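Asker: For reference, the chains in residue letters:
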Amino acid sequence: MLTKTSQVLSDGTKISDLIYPDTREVQMRVLSDPEIYQIEMEKIFGKTWVLLGHESEIPNANDFMVRDIGGDSVIVTRDKNDDIHVSLNVCPHRGMRVALTDCGNAQIHKCIYHGWAFRPNGDFIGSPVKRECMHGNLLPESELGLKKARSVLYGGLIFATWNIDGPSFDEFLGDAKWYYDILFLRSDKGMEVLGPPQRFMVNANWKTAGEQSAADGFHTLTLHRWLGEVGNYAKKGDAAAQESDEPDLTPEMYGVEVSSPHGHALRCIDLARKIRRLTGLEPDDLSIQEKLNALPPAGMTKDMVEQLARNLSEDQLKVLTTMPPQVGGMFPNILFGFVYIPQPDGSVVGSMTLHTYIPRGPDKLEFCNWIFAEKDAPEELREKMLKQTIQLFGTSGMVEQDDSDTWPHMTLSAKGAMGKHMTLKYQAMYETGKPAGWPGPGIVNEGFTKDDTQWHWWLYWNELMSAE
Amino acid sequence: MQQVQEKSAEAPQGQAVPVGSAEYNAILTFLYEEAALLDQLRLSEWGERLATDLVYTAPLRHTRLGVDHAKSFVRSVMHFHDDYRSVMGRILRLSGKSAWAEDPPSRTRRLVTNVLVRETAKSDEFEVVSYLLMTRSRFSESHVDVISCERRDVIRREADGTFKLAKREALLDQSVLGTANLAVFL
Chain A
15 MLTKTSQVLS DGTKISDLIY PDTREVQMRV LSDPEIYQIE MEKIFGKTWV
65 LLGHESEIPN ANDFMVRDIG GDSVIVTRDK NDDIHVSLNV CPHRGMRVAL
115 TDCGNAQIHK CIYHGWAFRP NGDFIGSPVK RECMHGNLLP ESELGLKKAR
165 SVLYGGLIFA TWNIDGPSFD EFLGDAKWYY DILFLRSDKG MEVLGPPQRF
215 MVNANWKTAG EQSAADGFHT LTLHRWLGEV GNYAKKGDAA AQESDEPDLT
265 PEMYGVEVSS PHGHALRCID LARKIRRLTG LEPDDLSIQE KLNALPPAGM
315 TKDMVEQLAR NLSEDQLKVL TTMPPQVGGM FPNILFGFVY IPQPDGSVVG
365 SMTLHTYIPR GPDKLEFCNW IFAEKDAPEE LREKMLKQTI QLFGTSGMVE
415 QDDSDTWPHM TLSAKGAMGK HMTLKYQAMY ETGKPAGWPG PGIVNEGFTK
465 DDTQWHWWLY WNELMSAE
Chain B
73 MQQVQEKSAE APQGQAVPVG SAEYNAILTF LYEEAALLDQ LRLSEWGERL
123 ATDLVYTAPL RHTRLGVDHA KSFVRSVMHF HDDYRSVMGR ILRLSGKSAW
173 AEDPPSRTRR LVTNVLVRET AKSDEFEVVS YLLMTRSRFS ESHVDVISCE
223 RRDVIRREAD GTFKLAKREA LLDQSVLGTA NLAVFL
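Residue numbers (the working numbering), protein chains in the order written: chain A, 15 to 482; chain B, 73 to 258.
Derived by calculation from the structure, the hints in this document are not laboratory data.
Given the structure is predicted, the values throughout are model-derived calculations rather than measurements.
A portion of the hints provided could be inaccurate.
Calculated cross-link-like contacts (lysine-lysine; reagent style BS3-like; alpha-carbon spacing at most 30 Å) [what the hints assert, rightly or not]:
1) Lys143/B - Lys398/A
2) Lys194/B - Lys401/A
3) Lys124/A - Lys143/B
4) Lys316/A - Lys401/A
5) Lys61/A - Lys162/A
6) Lys378/A - Lys169/B
7) Lys378/A - Lys439/A
8) Lys429/A - Lys28/A
9) Lys236/B - Lys401/A
10) Lys378/A - Lys143/B
11) Lys239/B - Lys398/A
12) Lys61/A - Lys398/A
13) Lys401/A - Lys239/B
14) Lys143/B - Lys401/A
15) Lys236/B - Lys398/A
16) Lys162/A - Lys143/B
17) Lys401/A - Lys169/B
18) Lys389/A - Lys143/B
19) Lys389/A - Lys203/A
20) Lys398/A - Lys191/A
21) Lys191/A - Lys389/A
22) Lys439/A - Lys169/B
23) Lys249/A - Lys169/B
24) Lys398/A - Lys169/B
25) Lys203/A - Lys143/B
26) Lys94/A - Lys143/B
27) Lys161/A - Lys143/B
28) Lys239/B - Lys288/A
Could you put together the complete structure from these sequences and hints?
Answerer: Below you can see the structure in the form of structure tokens.
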């Protein structure tokens, strides 16, 4: 059990003193201190809901895959009753890892060391040479199974937590759920992965990626400026723009940003320009249905948009057709991207992706990238989405290459005797509030991107880290 | 000497081009030259050696039991899933002003070995297997990232006798890559 003393680091500093609410700053020590990292493993990754993958990765009875909750390896299984289970991948006998592969199909998970065996749901089956009673009789067999996590499915996404009596998943999402439902619960059949996730190591603290995922809009203008210079947002054929050396990504920065007292964040980006460019029509003159037909949501076709009204409310459809959530995160370590990528022929192809940034030590994270499509998306669209997403996001993605080369430098900066006392600043503040008539809940602001969503991410980090 | 056959290869394989033969040496020279162009950041010159029908991929790898070895290669989601147009787009980006993942550029060393060449049903195309061990040094880090893979290429001889890369599948060894991105070509 954590005691109140764990809020204080060994040099006497209170964790909450590393956050400056008046000036909206965060001391960079949080990005490098091994002691803080250890506390995070218990107070954050031991407490919140953590994304492990999607049920379409293990479609058949007895399929399993090995994933991570913070520093703990877990086995994610589908049993013969079609139920999903998440268990600690540690043999309760002598601590050997039970599952040694990334995935597979097994009716019985048998530890290779001494042979204790477990069902897909984690229950103990037995140990070898039963008559000699290798597992003794001090504990009942019901206590010799794998340690079980609490798990939930949301749009097929598998989340788990060790916080057995803690908040429900819906409580954890809070007001942000209304917006996530627009992405993950919008279609009749739901979405599925296009394959297993890409995985690679980045020498950076997990929070460098985590806080960016809480809807950092500004970095796009500079870190990803190639998009406007030679990439998908370059104004080809526009003589005036070509004469100018300065690419202009600022129109993409306008919209609505949603943040949450639980650190969740969404950037809802104005769709009107794209609709105008694609159709020549004025979006304000179009009905919701006409807008959906003019520009189906990222990852859908015109044939699929009729499903939306069956799964979403009128208010959610209004947001989806004017300011759809396109990028953002879920606390603590998830990024989502449901983006409309301009193509050279003037059309738009959607990209649906989720990342997790798995902590692998104070200065190491594993980048895990899943690529999705709607289950009933036509094959041609799936192929386009798959190729485009791989080319822009994840391992070789031309956008995210630049992110994964930036986070290590921040982590190094945070190690310096002086550097660790410097601060991350979140001082670009909204003064706008909700746009008139905005139908969604949560902390909502409109206009050019600001830092509020990321600041709220840190406030929740502080709340969890300072909790008893 | 018999060259090693791909275990459980579906299609019958073409005749081996003997190691050290003139044909083999010409293809080996092509591989050495492209490694040099990439290590020397001469990306557009490398791009000139790509066929316009290029297929350029790098499957994921999974840790699987020995009996499931074939399933350790994942060709649904991959690390690279590119064609000529997208590779040229990558070159355009890397040659631009703001490709920070490779600017300042990594210092790379592509060691190309274990080259085996086979003829194919098309007289101008060869199946070429090579091992690639790339070291990637960035900034002042004292350690280098090591990227290792087996490359399965189709290399095509053009009418003028020069070669073009028509297909490359890079079978990476790591299930979790030990480098922060693949902003470098394999």
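Asker: Run the structure past the numbered hints and jot down the numbers of the failing ones, going up.
Answerer: Violated hints (numbers, rising): 12 and 28; every other hint is consistent with the structure.
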